[in-house]
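*Asks:* Two independent chains are provided; combine them into the complex using the hints.
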Amino acid sequence: MASRRWLILVLVLVVVSPLFGVIGAEIVGYHEPLDLAVERACEKLGIEPPDVSYWSGLLPDYTVPGLNDVVGYIISGLVGVAILLIPYAVVRRRK
Amino acid sequence: MHIPDGVLSAGVAASTYIVSAIAVALSSRRFFSEKLPGALSDPTGRVSLLSAVAAGVFAAQMLNWPIPGGTSAHLVGGALAALVLGPYGGCLAMALVLIVQCLVFGDGGITALGANVLNMGLVDVFAGYWIYKLVSKAVGGRRGMELGALLGGWIGITLAAAACGIEIGLSPKFGYPLSLTLSVMTMWHFALGIVEGVVTMLVFRYLLDKAPAVLGGVEVG
Numbered sequence: 048m049a050s051r052r053w054l055i056l057v058l059v060l061v062v063v064s065p066l067f068g069v070i071g072a073e074i075v076g077y078h079e080p081l082d083l084a085v086e087r088a089c090e091k092l093g094i095e096p097p098d099v100s101y102w103s104g105l106l107p108d109y110t111v112p113g114l115n116d117v118v119g120y121i122i123s124g125l126v127g128v129a130i131l132l133i134p135y136a137v138v139r140r141r142k
Numbered sequence: 026m027h028i029p030d031g032v033l034s035a036g037v038a039a040s041t042y043i044v045s046a047i048a049v050a051l052s053s054r055r056f057f058s059e060k061l062p063g064a065l066s067d068p069t070g071r072v073s074l075l076s077a078v079a080a081g082v083f084a085a086q087m088l089n090w091p092i093p094g095g096t097s098a099h100l101v102g103g104a105l106a107a108l109v110l111g112p113y114g115g116c117l118a119m120a121l122v123l124i125v126q127c128l129v130f131g132d133g134g135i136t137a138l139g140a141n142v143l144n145m146g147l148v149d150v151f152a153g154y155w156i157y158k159l160v161s162k163a164v165g166g167r168r169g170m171e172l173g174a175l176l177g178g179w180i181g182i183t184l185a186a187a188a189c190g191i192e193i194g195l196s197p198k199f200g201y202p203l204s205l206t207l208s209v210m211t212m213w214h215f216a217l218g219i220v221e222g223v224v225t226m227l228v229f230r231y232l233l234d235k236a237p238a239v240l241g242g243v244e245v246g
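Those protein sequence lines, which keep their order, are chains Z and C.
Add 47 to the 1-based position in the first sequence for the numbering used here, that's all there is to it.
Add 25 to the 1-based position in the second sequence for the numbering used here, that's all there is to it.
Looking at chain C on its own, in the form it has when it is part of the complex (with noise of 0.2 angstroms):
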């Protein structure tokens, strides 16, 4: 979902790195200035959660799933990063994690690096946590927590993805419509996306379970 250089046209580039600068500042402030609960409680927990999981969804989406036909795909862990570190460090983390992508390595054009961290940091984060809170409220209990954690994972990349396919559309440059773009990543993620969605509840489930004191971004009853 890595977005290279040269596809999005100048206007998208800007407008999305505009959005995601103003986004990531807003939510570094929020991080460290919210009350969270657990291990987040205090500034140096904060910081080291925050690390521990930009390292952990980093070294994450080193796993590249090829996919017979040439392509492939990886976890992208924005909804996992949000149950951990709410959605202000979820947003943090995976910005984190897509600069040194980035810069370090060349994955995800450095042009592109607004509407990548708009998508996976932004979209992916939010939508995965508020998808989380929607169900779990809605079915109640542990299973909702668990059922939210994988529709949070599943929904949340399927959303990314669509964020993506907009702005490729957007961006008319190699001919290809926004009704194309559009639905070939949605529908494309949301089939794929049942992995992460699965992988975002057991890695949660897991937590729960033996750490809860780390999953600041939920209330654990």
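This is chain Z alone, in the form it adopts within the complex (with noise of 0.2 angstroms):
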């Protein structure tokens, strides 16, 4: 079936994609690109960085605390998959 299909591709992504957001990100030194543009901004103005975040989530930045990175960003992943599927398992329990 396709939504079969379709959904272990989603898995596999998820499960693979510590490679590239955890373990590559460590390689190279990763930060989020407009935090950096932020604080290389406050370097040459002499101002400390805002550091402002409202609202830092329920699992920030795709970790969960206690967890390592990589088990941290596959639940995350896995979370943030089935919550966004929950409309598709009621319009398909409904039906």
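Among these hints, one or two may not hold up.
To be verified - Here are a few chain Z residues that face chain C, going by a calculated C-beta distance under 8 angstroms:
#1 ALA72
#2 GLY93
#3 VAL99
#4 TRP102
#5 VAL111
#6 GLY119
#7 ILE122
#8 ARG139
Claimed, not checked - Derived coverage of chain C by chain Z (criterion: at least 3 residues anywhere in the stretch with Cβ under 8 angstroms from a Cβ of chain Z; other residues may be distant):
#9 68-74
#10 120-134
Source of the hints: derived by calculation from the structure; they are not laboratory data.
These numbers come from a predicted model, not from an experiment.
Think of the CB as a built atom: it goes at the ideal place given N, C-alpha and C, for glycine as much as any other residue.
*Replies:* Okay, structure coming up:
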């Protein structure tokens, strides 16, 4: 079935995602591009970065408190996918 | 391309919030009332596909490609969402993804959510869709459709980045002039955007062959 294949593809993406989002990011010393831009701008102006975040989320930056980053990233991916598939589950069940 | 908190000035944050809220409300009304082909013809199919596309876009955005030099880029997927769901559904799917990313993972500032929806949920989706339409009509045939998907993904993300550059440039907090933020964001994403274009085209081509019924945003002849 097409929807089953789709779900498998999505899950595969989530499981391999730490290779890029966590492991690869550590190798190149990754920072969010726009966070970096703010830091550099502040450095140039000689002011403290504002470091404002009014809301850091329930799983901040795709991490799960207490778990290592790779596992946390995968769990975060699964949580996000599960939330976005709620409407799908609801209409399919009602049918 | 997700703008964090503390970058945009209050005026830019507020006005992008208003524009995005209106656009998403209108889009969801249009999406659930318009006549759509294939898998989107009934409400159950429409909600299912919307939900499936949103989950897929979210998962694809988890693949953050690190680029030497300390930065990275990920797919955005707005044009692809529009090809599957039509532009209104595409807008809705992207808004859902951005809301979950912001609220659950703190990805994209909560004060910048309006701007992020505007860039990735409106500009990327509608520009990508219109470019697809234009190119596929002008070139014609299967080649035109594929070229349209390629350019829609590529130019869509470039224009989304340009919008992002304008919003940051209009927020003079950090002293970056508009000309700089606009040109840097646009050129950088024009160079990287080819990847988005190629992926959009490949997925589109696959769906055209294997599951044309899910391509509700385009006329599959």
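*Asks:* For each hint, tell me whether it holds in the structure or not.
*Replies:* For each hint, the structure was consulted:
1. ALA72: 5 angstroms, holds
2. GLY93: Nearest chain C Cβ about 11 angstroms off; hint violated.
3. VAL99: VAL99 of chain Z check passes; min Cβ-Cβ to chain C is 4 angstroms, inside 8 angstroms.
4. TRP102: At 4 angstroms from the nearest chain C Cβ, TRP102 of chain Z passes the 8 angstroms test, so the hint holds.
5. VAL111: Hint on VAL111 of chain Z: violated, closest Cβ of chain C at ~11 angstroms, above 8 angstroms.
6. GLY119: Check failed: Cβ of GLY119 of chain Z comes no nearer than 11 angstroms to chain C, outside 8 angstroms.
7. ILE122: 11 angstroms, violated
8. ARG139: 6 angstroms, holds
9. 68-74: holds (count 4)
10. 120-134: holds (count 11)
In this structure, the hints that do not hold are numbers 2, 5, 6, 7, in rising order.
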